[in-house]
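Assemble chains B, C and D onto chain A, guided by the hints.
Same order as they appear, the protein sequences are chains A, B, C and D.
The opening residue of the first sequence carries number 1 in the working numbering; numbering runs sequentially from there.
The opening residue of the second sequence carries number 1 in the working numbering; numbering runs sequentially from there.
The opening residue of the third sequence carries number 1 in the working numbering; numbering runs sequentially from there.
The opening residue of the fourth sequence carries number 1 in the working numbering; numbering runs sequentially from there.
It is possible that some hints are incorrect.
No copy is singled out in the list; a pair is fine if it fits within one copy or between any two copies.
Below, a list of computed lysine to any residue pairs in the SDA-like style, where the Cα atoms sit at most 20 Å apart [to be verified]:
1. K265 with F203
2. K12 with L44
3. K172 with E149
4. K25 with P15
5. K99 with I257
6. K99 with D281
7. K172 with Y302
8. K265 with P202
9. K54 with H19
10. K31 with E41
11. K105 with L247
In short, the hints are calculated from the structure, not lab data.
Number of protein chains: 4
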Amino acid sequence: MPVDEHKWLIEKTSPYSAHMFSVSKYLVSLKTLYQQVEIAESQLYGRVLILDGKIQSAEYDEYIYHEALVHPAMLINPQPQRILITGGGEGATLREILKHPDVKKVVMVDLDKEVVDLCREYLPTWHRGSFDDSRLNLVYMDARKYLEENDEQFDVIISDIPEPVEKGPALKLFTGQYYALVKNRLAKNGLFALQAGDCGLPFIEVHSAINNTLRQQMPSVRSYRTFVPSFNTDWGYIIASPGIIELPTAAEYDQVIREKSIDLKYFDGETAAGMFSLPRDIRKRLAEETKIIDDNQLLTVY
Amino acid sequence: MPVDEHKWLIEKTSPYSAHMFSVSKYLVSLKTLYQQVEIAESQLYGRVLILDGKIQSAEYDEYIYHEALVHPAMLINPQPQRILITGGGEGATLREILKHPDVKKVVMVDLDKEVVDLCREYLPTWHRGSFDDSRLNLVYMDARKYLEENDEQFDVIISDIPEPVEKGPALKLFTGQYYALVKNRLAKNGLFALQAGDCGLPFIEVHSAINNTLRQQMPSVRSYRTFVPSFNTDWGYIIASPGIIELPTAAEYDQVIREKSIDLKYFDGETAAGMFSLPRDIRKRLAEETKIIDDNQLLTVY
Amino acid sequence: MPVDEHKWLIEKTSPYSAHMFSVSKYLVSLKTLYQQVEIAESQLYGRVLILDGKIQSAEYDEYIYHEALVHPAMLINPQPQRILITGGGEGATLREILKHPDVKKVVMVDLDKEVVDLCREYLPTWHRGSFDDSRLNLVYMDARKYLEENDEQFDVIISDIPEPVEKGPALKLFTGQYYALVKNRLAKNGLFALQAGDCGLPFIEVHSAINNTLRQQMPSVRSYRTFVPSFNTDWGYIIASPGIIELPTAAEYDQVIREKSIDLKYFDGETAAGMFSLPRDIRKRLAEETKIIDDNQLLTVY
Amino acid sequence: MPVDEHKWLIEKTSPYSAHMFSVSKYLVSLKTLYQQVEIAESQLYGRVLILDGKIQSAEYDEYIYHEALVHPAMLINPQPQRILITGGGEGATLREILKHPDVKKVVMVDLDKEVVDLCREYLPTWHRGSFDDSRLNLVYMDARKYLEENDEQFDVIISDIPEPVEKGPALKLFTGQYYALVKNRLAKNGLFALQAGDCGLPFIEVHSAINNTLRQQMPSVRSYRTFVPSFNTDWGYIIASPGIIELPTAAEYDQVIREKSIDLKYFDGETAAGMFSLPRDIRKRLAEETKIIDDNQLLTVY
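Chain A extracted, bound-state conformation (with noise of 0.2 Å):
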């Protein structure tokens, strides 16, 4: 058997099924004071970041997943000043916030400095050196504490935080609690953009769930997709913001991408119509759905 294809990563899904895939070499593997992490480089999928047995991004296609996560916010708000991060210890979501010119700061709370530590050091293609940039505060804390003792307005904010897992440290940061805390601190037209866990229909629960607690929250609310390839699945976001949003065309984005010298792989006019154009009985999932995330009623995923 060729020596390289023993180490496997297996992500169930749910006790019926499961990704895998192979492992050439761990770089990291070691737990923090909040979650198990590891930096491996894979054959097909290049360097990957795991936390708590969740694959986070790859070098392969974190382009995909942080162009998709940034954007659409960044675009639509005509202005985006001021930005806060939640989580986001990669560094990719910054590197591409920072490609917009109209930021002046970034705020950055992310609860797991050694996490952050390891990805400044083994995932540099990720944050290409964004973490130095003069605009950005890191903050090492829990993201809902932050909020809570910090009444400072952003244009835009966006949730970069791994999926609710069994005590896992992001728990209480999909309840409608936590996005109560995070819509008074929006700016006037402020837009929240989040990833929102699997979008594939057999685990859309979780992403379903959040859709409806942000509706109770803010009067717009739309979720988007994007197949992500090293999480085998369609993955969802969400932007909610407590004014109107209005979605541009195509031809808008590709304008002020151009008129702001955007430098994108992923995102443009097209993928934005793709994303934001969900099939039928997804859109009739996400309509029906009466769950709502709470403190007390936590919900987490396989």
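Chains B, C and D only, in chain A's frame:
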């Protein structure tokens, strides 16, 4: 260990990756003259059809796969009366075609009578009696041979053939020579729609080569894709025509569906907008493709 | 990927370990009144019987499992005339017993007629016609109930019952209460032989507890074991007796086998020496066991 | 899903079979000049050493593997003073040898200094300080080259070399030519003991060929085996000698162990009886072997 989780289907997608799902019960497991066939009950996807180790469709989401394959071509063509299906043994492609009131005649050419008979017996929710429709002419034969021996013209030709696996029965149904034959059997403004393999970036090679091979034969070639949960990937389709394909707007799709009273679960105008709006990186990948599949230069999936 | 390697049997042995082998074809896959049954062709072990997800025996090496189970007891007893088999649905335990010329009568009590019927049809190389032997009385019934309702005496009782899995049908055939019943049905100097679970150190708990439970009931209890390739582990057996068991020497075994003209492939005197000579660490583990399996204190394998 | 069960080691044993166990943490994962090395913590077996994807030994049961390898030869030889170890990087073979009070000198020849250094650092319970013993001469060199260049004689030579994998570093340490060299370095009545691969029937080919290859070189060749849980199989060993090997009885082993005050956990007289008493089918398989491993006719495991 729970009793039901010991039988697993492991679909390797490369030497370095696989999807796995468990099976509660095998209903059929045999070799026909042409291929290995399994029909099984899975906990996650319900009943599944597996040919030569590749999942063909699943009870849970076959409506996605089949509606995506059939309706764009059938709705773009203003009067799809004469239809040819190559492959399509489950009968679900046929089922979707028969929803269109214009249809006068369907010829379905499938190589493997044993598979079709098994599908008729074991996959009733797929075909739903379509095989009994009086407009159907069901022929057991190699599709290429059929086209060589018959010069009938069709308004829509739909290819629902398994992927080209090594030594598989479908290898020569993915070549320029075959597509030239198809083109000659298309009526004026006729449309060719085909399932066209994995459209996820790591495994897009075959889809991309099919796209480019078709572009050598016909002036209008459009790739589109949708996420099929039981395939764990974005699945690719192509419509092609010797004439000019003008894609309907979402509103136009919805209007025709309404006028013709076609009952759908997955497809509608917004769904189409999502499927046909490809991400920038995929468009670039397809545009730069140079590979051409030829009878003497075959291409296979892993 | 080669066509035949997508259907895998994964036997988890703990949350942290599993054996897997591929299946080329399922011949039987159904639920009886009592258990989930699969009969399959595997590339490595030939035909296999699987009950509730646990491999019971394989064409490739069932002779090892069955010869090891049957012959020590049948050869130690000078005149084994009346034999009881509990379980043993494959018919191979019966086959081995019938090789002994002293045998006048065999009662076989198996719970699951469906399994026995399937074995008769699909496992001909296991039973080799033994079910037609006129000395056999085949009873479909719970073995415990049978022993409660019948007070017949036997020279040898052989337990060939699946391991005690959670909610499995055999849970109460591994308890002190059951073994007390067995003891009362043994003739003077009668012997009880049983398949007694995994004897590999990491999973020896059940074997060791059976050994200790039997020691509460009978003065002579001997564990022995052999490696069964399709089980991927050293498999444990026990012989026990209300009398004194004197183990034959290798030469004595060989002499009796010769005298009685018993045709064997695995077992002989040297084999017995290997099976009954346990490693020091295993002996220590068994000697220190305190666990007793009781109707009110059941024990199950993973 | 519990956090700790996503990193799996899958050891394929054929295209149709594999063992898998989960790893909680990788301590080392790198390529030396000669091989891929992993040292990991596993839940089931504790710390494990993996070379080129093959588990070499595990904290949980290395005492079985190493006691079985070392003590038969060291006890059969009445005065084992000069010892050669080839391979044995973990230091546990050395540890067992040093338990024998006769030992005056040990030469250990291991190819891969990096592996030895890693073992010294990460496997302290294996070597337990043995590397610091003043009787040790540790040489980093190919064992074959060493034997070619040195004509020293040894009472016992122990080969603790990884299995011959394709392109692996140990291929030419399993050939007739190499064994001829070994024979010439054995003192009168010297003994050669070697780990000799999987002894389970489905994968016995290499063991059997080693046995036969040795029989061409020396008059006394004895295979023995023991079940090693972390290997999931009966593991094979061979002792060979240019003289006559008379196996001690169990009582004789126990007496020498007592006299020399050797502290053991696995091995003793009864253990030896079990190891050297091979089942009839295995004996037949070995007796009928015709394959000879030659520098020009290598043999590899899957």
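Structure-based check of all given hints:
no.: 1; hint: K265 with F203; result: between (28 Å within a copy, 19 Å between copies)
no.: 2; hint: K12 with L44; result: both (18 Å within a copy, 13 Å between copies)
no.: 3; hint: K172 with E149; result: within (16 Å within a copy, 61 Å between copies)
no.: 4; hint: K25 with P15; result: between (27 Å within a copy, 16 Å between copies)
no.: 5; hint: K99 with I257; result: within (10 Å within a copy, 43 Å between copies)
no.: 6; hint: K99 with D281; result: between (35 Å within a copy, 19 Å between copies)
no.: 7; hint: K172 with Y302; result: within (17 Å within a copy, 34 Å between copies)
no.: 8; hint: K265 with P202; result: between (29 Å within a copy, 16 Å between copies)
no.: 9; hint: K54 with H19; result: both (11 Å within a copy, 15 Å between copies)
no.: 10; hint: K31 with E41; result: both (18 Å within a copy, 13 Å between copies)
no.: 11; hint: K105 with L247; result: neither (25 Å within a copy, 43 Å between copies)
When each numbered hint is compared with the structure, a violation occurs for hint 11 only.
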